[in-house]
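Chains Z and R supply the protein sequences, listed in that same order.
Start counting at 1 in the first sequence, then tack on 120, and there's your number in the numbering used here.
Start counting at 1 in the second sequence, then tack on 831, and there's your number in the numbering used here.
What the hints contain is simulated information worked out from the structure, not anything from laboratory work.
All values derive from a computational prediction rather than experimental measurement.
Accuracy of the hints is not assured; some may be wrong.
What the hints assert, rightly or not - Here are some of the chain R residues that sit facing chain Z, going by a computed Cβ distance under 8 Å:
1. 847
2. 849
3. 851
4. 875
5. 876
6. 1094
7. 1095
8. 1123
9. 1143
10. 1144
11. 1145
12. 1165
13. 1166
Unchecked claim - Below are the DMTMM-like pairs computed for lysine to aspartate or glutamate, each with C-alpha atoms no more than 20 Å apart in a straight line:
14. R:1029 - Z:713
15. Z:626 - R:1093
16. Z:185 - R:878
17. Z:626 - R:874
Cβ coordinates follow ideal geometry from the N, Cα and C atoms, glycine included.
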Amino acid sequence: MSGENQGGAIVPYSEEAKKPVVYPLRHGLKPPISRLGISWSRGNSLRVTVFRQPSEDSENEVGGKAVEVRLDGRDGEISDAQWRRIAYGSVSPFALLQSRKNSFASLSKISSTTSPFDAEWWEYVLEYSKDISSLLGNQTSTTQSLIEDPKEVLKKDPEPSNLKAAWELMESFYADKLSQAWLPERLVDWLADYDSLFSSTQETVHSKLVDFQKDLVSLQVIEDEPKYWEVMSSALAVGWLDIVVKLLRLHGSYQLDQLGNRETENGLVEAVAVLISKMPRMRPELEAGKLGECFKAKPDFMKAWEKWRAQIAKLECSTFWIQCAHRQTQEGLRNMLQIMLGNTNNLCTLTCHWMELYIAHFLYIRPFTVGLESMYGLAQKCIQLKPMAASHRLMGLLIGILGENIEVVLAECSKGFGPWMVTHAIEVLTAGSHQADTLLHEERDNLGGISMEELHRLVYAQVLSSHPLTWQIAPIYLTSCIKQGMGLLEMLLYKQPVDHNQLLLKNLEICRLYELDSVSSNIMKHGKKGSGVYWLQQARDEARLNRIAQQMFDSVGRSISDENFRQWEGLIQLLGSEPKTAGGLEFLHNYRDFKKSLLQIRDGKTTDAARQAVESLISLMKNPCTPQRFWLPLLHDSLKLLNWEERPLLNVLQTNLLLNKLQELSIARLRPDFIEADLPPHALSSVRLALATNLGRTTLEEQ
Amino acid sequence: MAITGVRTPPQVHRFPQSKYIDAVRWLPPLSPLSKLAVLAIYDTDADSPSLETHSISLPASLTPHSQWTPPTRISSLSTSHQSLVAASTLSGSLHVLSSAMQVLLSVDENSGFHVGPISGVDLTGSECVSVGEDGRVNLVSVIGGGEFKRVYDGNGLVGFNCVKWASPTEFVTGGFGYGLQWWDLRRAGSGGPVLQFKGNFGSQGKASGMIHSVDIHPSRKHTCLAGGSSGTVFAWDLRWQQQSIVLSGVGTGEAVTHSLSESEVWEVQYDCHTKSSNISSSRVLPAMFCSEDGILAVVEQGEEPFELLAEPCAINSFDIDPQNPSDVICSLEWESIAIVSRP
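Please construct the entire structure, taking both the sequences and the accompanying hints into account.
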């Protein structure tokens, strides 16, 4: 599919998407199946509803079944809950890095000398990388038992994950500038931590060690066992020196009762052990418990290396070997010396896959390798010599990195580890090189004008927003997308269900943070009457509030004896004191006072209350906010006031006002759009009669 | 103002749960060496709610103890000194359980109890009061076997978010428009609240807000503590009904108050651990709140607020241990529990 015919798609489809993927369905229904229904379910799942053809003979059969199909091809090593934990944890480091990036950008506008590739900048990136890495699993276990088991050669590490292994590769090659000078040694450490990840598809040095560890307890004379020597040599080839030395010290000649007659043999074993532990390493430091001598400067290292090799060569030619009676020991030790001298054949047979062979080359054949180009060349050679049994996503990534092909690295991250990895790794990648920076930030027409960086963030945000617990994180990534982010954020917010208030408020909080006022006011419009009015007030939607006021008036105005009046009171109270925000509802507030007085009259017949009611009635009728269609119901409610027994309550002026309103109403009734109030047919005439009577009485009184 | 010296930061223990925690409450401990808490849990992937007790021994462990499956997601949780748990659901049912998660009583949503979700419950002694957005206020007696008594029915025209007992016959509710209502069962004949308060904290373009949580101190039942929108925490003293004392929030206008949070305050509680420097009956006792923007803090009238937690995600619920008030348990938006131990 080419870029042009993808039309409005924000996320372009990859070529792979065209390959059909088969998901077997286990619905357990007897054929014939007559109908299928397919709809989206939670997250990345499809809900497939399967219906059987209804038949008479099988009444007890289930008529249909709904099954969920998970579409994502996520690896099983990280559970959904763990993914969410990683997503939560990466928010803070990501946001911190973005804000630092922004302040760096504003600084570099002022002075052109600072560029984001300054020393200070990559320290921030390294800090970010370490924060992310710490989310992906524990560092090699630090809990060591006080009494060390001499026969436990392989420490039980918490299960390493491919994701963490991949992140560490990215960190070593792109984020950690200090490690650039000793990349081969970093790879040695990396393989020591993660070799077990390859054990599932093929034999590895790690798996050999695990197997041997099991046999170790039952072995009586360890040095007679050919496997002992083989495993040790393999471990030596990949540079696990501490394990090798530990194994060597299990040699029978160390036992006190044998020391006397195996003195020479023991001397040779110990000499090899010492040589191993003194191996010069081109690196600043070693973890506690690891063996070797560290050199930071290359000349020093070269000198030490030559000296060390000379010592090995000297031991190799020593005459002591003839005096060594134990054949296996003699052969085994000399084999190990051959490894240290860089015998290609030995290294090739003792390692299990190209990466192990590659490490062996760094350690014993080409310890002075520098630069990605030569590292890449060496990797190609090793792959030819000892290909892996099955392709592995970590190897794809490593080759991409060594080949200095940013696009391949991105593709491998995406394919092997998903959108989370790409989005977060991009930060490390762009810090690593100008080339990556330009490539990822360049706006591309085939992506609808957005950059690769933005594309991947958008994809990740989509993944986050597909889950009810992680969608709240999506805005953090969306707002870092300059072009499409805010638009998608608005869509995301509109799409969120607002089942209950708490969820709604959480949505609104995001609107507040990102200043999306129009979205928030739209989200607010839902709910029950009481809360509905509340939300409309919050949204400042006067038109809707007015409409509600009319509806409310209809229900409240029906009859004064309505038992529900007290409840309306609460609602009107809510509306009351903020005339501006309540809009046309202001008259409801007056109406409440009017109703209250009427109720009091009904209960106790006090003239004071009646006077108050009249005042409310007049202010209601005077107020231009009071809609015309409520005039008649109001007047009809006040019949009792108009016909007050003791004395007329309205003066001439007031009665005239009401009569005028009544007149206006009679004219309005002739218009076709007039809405007739829900009142008895004689309402108008009885109001008119009452007003006329009142006018008569009040005129008489005033005279 | 008292000199607030450098305070030792509290110890925080976090327990990731991999499920959403809707609410947390302490329960009286089963043994002297461990603590007990009840969690309202919701598994989003399986769409299944649960109510679980966990025994906690600090610093490191949180172990599930007993469990019960409610019909729908839990909307509000309340515990009593007698180790009883009252839980209301989004579908409108109410359940009272023992701390071993044995159901003692259930009020079905189909019995005309509430319409829609119950938003607040409070359990004291043997009486449980429930309120909802439907505007109903109901009383359930734990010894009454599932019968309920309707105190008020607002028919959805008014709605309540939270409720708290003040005495065996009085309680306070909170709802929309920063509204607080005081109810007295002895004067139930009147059909509505005895006293009402409507806050006016509108400023910065915010029209109004709602109350999410109320609390009443047993020794000062005339002062209601309330927390709600826009980071507002205030006290309403029944003796001066028309005013309120703002402890935190954006909105009092002229008087600049301390404000740690600008978003929803989900829960408030009087904090008996923080010793007030000025114990006069006219001063509001120290209070703790948690908020949508991830703040757990102590506020006191006329004092600098003190932040216990500032999380990157919302703190949805918290509870101060009545047995040992230095310990606070809270539930975080990102599927975890945090226990804050104050020195």
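- Message: Hinted pair, alpha-carbon criterion (20 Å max): residue 185 of chain Z, residue 878 of chain R. Please report holds or violated.
- Response: 19 Å, holds
- Query: Going by Cβ atoms only, is residue 1166 of chain R closer than 8 Å to chain Z?
  - Reply: Holds, because the Cβ-Cβ distance from residue 1166 of chain R to chain Z comes to roughly 7 Å (cut-off 8 Å).
- chain Z contact restraint for residue 1094 of chain R - C-beta distance below 8 Å: Cβ of residue 1094 of chain R sits 5 Å from chain Z, so the hint holds.
- Holds or violated: residue 876 of chain R as interface residue toward chain Z, Cβ cutoff 8 Å? At about 6 Å, which falls below the 8 Å cut-off, the nearest Cβ of chain Z leaves the hint on residue 876 of chain R intact, so it holds.
- Message: Take the shortest C-beta to C-beta distance between residue 847 of chain R and chain Z; is it under 8 Å?
- Response: At 6 Å from the nearest chain Z Cβ, residue 847 of chain R passes the 8 Å test, so the hint holds.
- Assess, step by step, whether the Cα of residue 626 of chain Z is no farther than 20 Å from the Cα of residue 1093 of chain R, and give holds or violated. 13 Å, holds
- Sort out whether residue 874 of chain R lies within 20 Å of residue 626 of chain Z, counting only the CA atoms. Holds: residue 626 of chain Z and residue 874 of chain R sit about 19 Å apart, inside 20 Å.
- Message: So, as I understand it, the hint says residue 1144 of chain R touches chain Z; can you test that by seeing if any CB pair is closer than 8 Å?
- Response: OK, holds: residue 1144 of chain R within 8 Å of chain Z, min 7 Å.
- Can we keep the residue 1145 of chain R interface hint, with Cβ of chain Z closer than 8 Å? Result: holds, 7 Å to nearest chain Z Cβ.
- Do the numbers back the hint for residue 1095 of chain R, that is, is its least Cβ distance to chain Z under 8 Å? 5 Å, holds
- Query: Does the CB of residue 1143 of chain R sit less than 8 Å away from some CB of chain Z?
  - Reply: Result: holds, 5 Å to nearest chain Z Cβ.
- residue 851 of chain R as chain Z interface residue, shortest Cβ-Cβ below 8 Å: Hint on residue 851 of chain R: holds, closest Cβ of chain Z at ~6 Å, below 8 Å.
In summary, this structure violates none of the numbered hints.
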